[in-house]
Amino acid sequence: MSQAEPKVVAFLCNWCSYGAADLAGVSRMPYPPNIRVVRIPCTGRMSPKFILKALLNGADGVWVSGCHPGDCHYISGNMFARRKFAAAKNLLEFMGLEPGRVHFSWCSSAEAERFATLAGKVVGEVAALGPADYMAKAPLDKVAQ
Amino acid sequence: MMEALIQKMRQTAKDLLAQGQVEAVYGYSQGSAPMACRPFVARTAEEADGLWWDEFCVLNLVNFLPRGTEGKYAVVAKGCDSRNLVVRHQEKQLDLKEQVTVLGVPCQGMLEPELIRKATQGRESDIREVKVEGDQVKVSGPGFELSLNKAEVTRETCLTCRHPNPVVESVLLAEKVAEDPDRDKDARVREVEALAAGERQDFFRRLFSTCVRCYACRNACPLCYCNLCFVDESKPQWLGKSIEESDTLTYHFLRAYHCAGRCTDCGACESACPVGIPMRILTRKLEKDIKEAYGYEAGLDLEAQPPLTVFRPDDPENFMHE
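Respectively, the protein sequence lines represent chains A and B. So for the first sequence, the numbering used here puts the first residue at 2; every next one is plus one. So for the second sequence, the numbering used here puts the first residue at -17; every next one is plus one.
Isolated chain A, as found in the complex:
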């Protein structure tokens, strides 16, 4: 992965941020093409395992985005998620993952402009850190040595 083109796995809630990405697309708003979207039913479905798995498999950054507090399609999924994210992010960064690799945000389906801005910010921060090697699987040729 070259430094100029980081890969960011974006876990987007079906009911808001995914819609925002869609709206940003149909509205022809430019945002960096470095994000790989995984649609999730709710941020409450997110598990830190997903984040770890993405990093293990070579993502340079992870971004999770869901509905604003109070707007969850399932009433409170995002509120539980908030506590889980806080604990996971703190522990990941405690273990030495650079701040700026994992991102969390709220973004409603009407906020296409916000989505584009956030995507720019996230990709920018990840790009500034360069390729991730901590907690990432070593490439096969390295293992062979």
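Think of the hints as simulated: they come from the structure by calculation, not from any bench. Being a predicted model, the structure only gives us computed values, none of them experimental. Don't take every hint at face value.
[Unchecked claim] To give an idea of the chain B side of the interface with chain A (calculated C-beta under 10 Å), a few residues:
1) GLU73
2) LYS74
3) ALA179
4) GLY180
5) ASP184
6) TYR207
7) LEU231
8) LEU236
9) ALA238
10) CYS255
11) ILE263
12) GLU304
Just so you know, even glycine gets a beta-carbon here, dropped at the ideal spot from N, CA and C.
Following the hints, position chain B against chain A.
For chain B alone, coordinates are given in the frame of chain A:
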């Protein structure tokens, strides 16, 4: 004091079993070597004579209890173990009020065998007896006798323990000990936090470099009772089974994360580790964060909701994008 405690433990167990109040008493029996003891279950009054207690009873017995809310039993519990009983009750894995008779042991701090072995300077295989006398630990064997300062060979988790007395007990087996609820548990975590991100990467790479992925830390943990553990899942396989660095780091991250808001810092994980990895640094970091963010300490209140199963509308979200 230890003899009186053991006598009372055996007598209480005998009475409970003879009267049919419990079906089994979970405790420890003396090991075949010094500084070791085994988990032990007495099912009859006669068997209760096999119960034992010393400063090395560090395996967390909550891990050995039968699953579910059927059957009545008694269990020997120190402060940390009793808090694990509370956690299991909160998580509806047992019914602490109806089902469990807690034989509470106020804990004066458990000893770390590795430190005692080191202190003998190569004569570790000669150790025949280890005895606590006041604030001294007498280590003896053929041709040698050592007197060690107890605080210097006490487990680190016990030195920073805030709740040595059982938080729930049906029978108290000894006098309660003095507690210091303001004891600083987080000094080590703050030290690591103060390092730069790159230094912390190196710190954890080194820390876990000797891990052989035996899962002893998971197996010893009273919080780990899932039917299918994430490390055993194959579709999807969350992490590889190798001792490659990224797999090991991921394993330790997830194992610790699963203990968030539940860990009582009993230290069973570290005591079980065959290569002596101080992995409690991760669970302590989580407990520190959770206490700071939500003011919660695990296992103190039967009716409390574990912190990751509830929320408040004004929970901190300063870690998120504006």
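Status of each hint after checking the structure:
1. GLU73: It is violated, given that the least Cβ distance between GLU73(B) and chain A is near 16 Å, above 10 Å.
2. LYS74: 18 Å, violated
3. ALA179: 5 Å, holds
4. GLY180: Given a least distance of 7 Å, the restraint on GLY180(B) holds.
5. ASP184: Holds, about 8 Å.
6. TYR207: Because about 18 Å separates TYR207(B) from the closest Cβ in chain A, which is outside the 10 Å limit, the hint is violated.
7. LEU231: Holds: closest Cβ of chain A sits about 5 Å from LEU231(B), inside 10 Å.
8. LEU236: Result: holds, 6 Å to nearest chain A Cβ.
9. ALA238: 7 Å, holds
10. CYS255: This hint is violated: CYS255(B) lies away from chain A, its Cβ roughly 18 Å from the closest one there, beyond 10 Å.
11. ILE263: 9 Å, holds
12. GLU304: Holds. Min distance 8 Å.
Of the numbered hints stated above, those contradicted by the structure are hints 1, 2, 6 and 10, listed in ascending order.
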